[in-house]
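Those protein sequences? They're chains A and B, same order as listed.
Final position of the first sequence in the working numbering is 398; the numbers increase by one with none missing.
Final position of the second sequence in the working numbering is 58; the numbers increase by one with none missing.
FYI, nobody ran anything at the bench for these hints, they're computed from the structure.
There may be inaccurate statements among the hints.
Under the rule of at most 25 Å between Cα atoms (straight-line distance), these lysine-lysine pairs were calculated in the DSS-like manner [to be verified]:
(1) A:K60 <-> B:K5
(2) A:K97 <-> A:K376
(3) A:K187 <-> A:K376
(4) A:K28 <-> A:K187
(5) A:K97 <-> A:K236
(6) B:K5 <-> A:K236
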Amino acid sequence: MPDTAPATCTPAARPRATSLQRWVWVHKWSSLVCTLFMLLLCLTGLPLVFYHEIDHALGKHIEAPEMAAGTAHLPVDRIVESARRHHPDLVPLYLFKEEDEPDMWVVKMDTRPDTDETQAKFSVVDARTGEILGEPRFDEGFMHLMYRLHVDLFAGLAGRLFLGFMGLLLVVALVSGVVLYAPFMRKLDFGEVRRGRSTKLWWLDMHNMLGIVTVTWALVVGGTGVINTWADLILKAWQAEQVAALKTAGGAAAGSGGSAAPLQSLVDAALAAEPGMAVATVAFPGTLLSTPSHYAVFLHGDTPLTAKLLKAALVDPVSATVIETKPRPWYATALLVSQPLHFGDYGGLPLKILWALLDLVTLVVLWSGLVLWWRKHRHAAAAPVSVGHAATTARGGA
Amino acid sequence: MKGAKSNAAIFRWPLLIALLTAIGLLSALVGDDGWDALSWALLAVPVGLCGYFSLARR
Chain A
1 MPDTAPATCT PAARPRATSL QRWVWVHKWS SLVCTLFMLL LCLTGLPLVF YHEIDHALGK
61 HIEAPEMAAG TAHLPVDRIV ESARRHHPDL VPLYLFKEED EPDMWVVKMD TRPDTDETQA
121 KFSVVDARTG EILGEPRFDE GFMHLMYRLH VDLFAGLAGR LFLGFMGLLL VVALVSGVVL
181 YAPFMRKLDF GEVRRGRSTK LWWLDMHNML GIVTVTWALV VGGTGVINTW ADLILKAWQA
241 EQVAALKTAG GAAAGSGGSA APLQSLVDAA LAAEPGMAVA TVAFPGTLLS TPSHYAVFLH
301 GDTPLTAKLL KAALVDPVSA TVIETKPRPW YATALLVSQP LHFGDYGGLP LKILWALLDL
361 VTLVVLWSGL VLWWRKHRHA AAAPVSVGHA ATTARGGA
Chain B
1 MKGAKSNAAI FRWPLLIALL TAIGLLSALV GDDGWDALSW ALLAVPVGLC GYFSLARR
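If we strip away everything but chain B, and leave its shape as in the complex, we get (with noise of 0.2 Å):
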């Protein structure tokens, strides 16, 4: 049986998610080219994970 988490051990992933999401939306906004592609590649995080999560067998 695992022990209780803290808020801290519960929110570390979604904060970081979150914290690439909002540079992915933000990037694209400032430039074409280069910050397309990362804007492009960090919406892919919470995309991607929705698959992955909803998919994998543990």
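Chain A on its own, in the form it takes in the complex (with noise of 0.2 Å):
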């Protein structure tokens, strides 16, 4: 450093204290830009944890009527007939199999494959006698509020980016927050939370406290969050990589020429091609999940992560054969597992419970920290030489 430097300056110590500085600035302002919508998105998200539970205590949910065990299963096309036959002006986008429905289709249509899906009709027909027990609906109700608050704003593919963005400012938050940890614990303990001083040092304690200890579920669940506001995109990435690669193996004009087999054969061969595996879900040609000419048969292993890690099989209409194809593509393989990790519905109502609490957590991590804030900011506009930055708040306190 040349000597010309300012006497007032210490080498040592200023590109520490301007690195600090920089870290507070980076923590208020990408708090500040996203707390009013993580407050929102942790309120929603509580009851949307345990949406499976209020569904069942509402009523709504629709079960397969008692039978003698092992009643065989009609074929899939009677399924979808009788589906048609409820919604003739429709045609079947996808069939659903819950886990813990077999003896269930869920069938979903629409007008065409190719629309947004907003206003697609679902009914759920019993596996067994092909009869319909019932049209959940998932567009009405205090839930599908719940629900699109925190998946869209109402606001579609939009809606859903705007959120992911708020969700990478939160994990830039957290990040920076566990920085600023440092300097305020010099002279505290792990978990002190100094009482009777001041209620500012209360809450400063509090946020620290309760945001270090659950900022690992934090980033998890933030971090999940934001791949999943992606999926629209990854799907539809991953059919394009798929089809691509079908045209250059030539098998694109597959399923033209030649009526198509039974969908029930089409299922048959990818339960052959992927032994112990189950059905979850059957896309049709031209849906977001298959591709224009072929049908996409999605099966699930039964151990909780093979559960969740589907594995596609695509199917050629005519002759009924697996298509080969390319392994599931590493950012398909992040969206499925981050769906459980930021659901928590992966082990039992524990875990739903832990993840509720967790969950109430982070808003009194998110409140406090807007308190600070504010309290800090009234004093600075009441006092105008402020220069309270961490380390001087620390020191303070200490």
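Fit the two chains together into the complex; they arrive one by one in their own frames, and the hints show the way.
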């Protein structure tokens, strides 16, 4: 350093202080911008953790009638026929089978296969009789309001991506918060909350303690939430990759010429290709999950991880043969793993309760951060000379 | 008056909690029953500490 450096500045201390101030700035602004949305996401996420339980409690859950165990299932063609009779003006997009409801199919239908599916209709069909058991509505009521406020603010893809960006800011706020944790804790024991000194110190210590203890959970739920906002884009990219691979392999013309094989034979072909797995979803050609000219059958295993990590089998609708496809790309795996890690629905009711408690703690961290900013802001406005960065606050409090 | 703590001393407990939380988040994904129970036990650690430190007087 040239000796013209101002004497008032100690070379060793100065860069540290400025880098600390930079972190303070990053933490303040990343938090401030996303806090209101994060409060909304924590509040709406709370009932969504218990979606299944609330659905049951409200008596909205549709159940298959009791029948002798092992009653044979109809070919899926009959299920589709039944749904088509129920909605003659719609075409089927997907057949879903829940892991814990093996005797029911859920058929999702819309006017065309390539809509945005927001107006789609659902029919629950008895897998053994083909009887329509009910029509679940996912587009009305309290839980729908919670869901839309949580997922897209009623603004479709733009809303999703916006909330995803807010989630990225949350991750920045969490990381900068961990960096700032150290200067505050130089003179404090881990978990120490100073009481009876001042309300400000109490809020500060609570914010730091609750934040650092739950930061891993918040990072995981925040980060996987961001990935979930990209779900549509990820599925489209995966589809494009598969279609491109089929084109170069000369398989894209498949499906033309010749009459369609029974749907059940397509499903059977997929099951034979992946022994030990069960059907989760059948996607009709032209939908988001298939290709324009093939069915996609999604299969799941029976461990929690393989139940989430679906395997896709593309099936030619004429020859009923499974088409060799590249393994699932890493970004699709990331999406499939992100879903349970965000929802907290993979370890029974106790895990959901822990999820809800951690969500509540996060609410307190957000709120205390807002309170601390507001108090400082108010004081700063009252007193023109304000230094107040982390180091001085920590020193002043110790 | 206590001396200023090093980063290693400050982050010792937070790192351990982070590790336990991470194992708790993953274990329920790996298997059922015992794995679920391990997940509950480990994720109860941060929840319990939040409650304890919020209420404890020392």
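Here is how each hint holds up against the structure:
1. A:K60 <-> B:K5: violated, 56 Å
2. A:K97 <-> A:K376: violated, 54 Å
3. A:K187 <-> A:K376: Measuring from Cα to Cα gives roughly 22 Å; hence the hint holds.
4. A:K28 <-> A:K187: With Cα atoms ~23 Å apart, K28 (chain A) and K187 (chain A) stay inside 25 Å; holds.
5. A:K97 <-> A:K236: Between K97 (chain A) and K236 (chain A) the Cα gap is close to 22 Å, so the pair holds against 25 Å.
6. B:K5 <-> A:K236: violated, 51 Å
Against the hints set out earlier in the document, violations occur for numbers 1, 2, 6.
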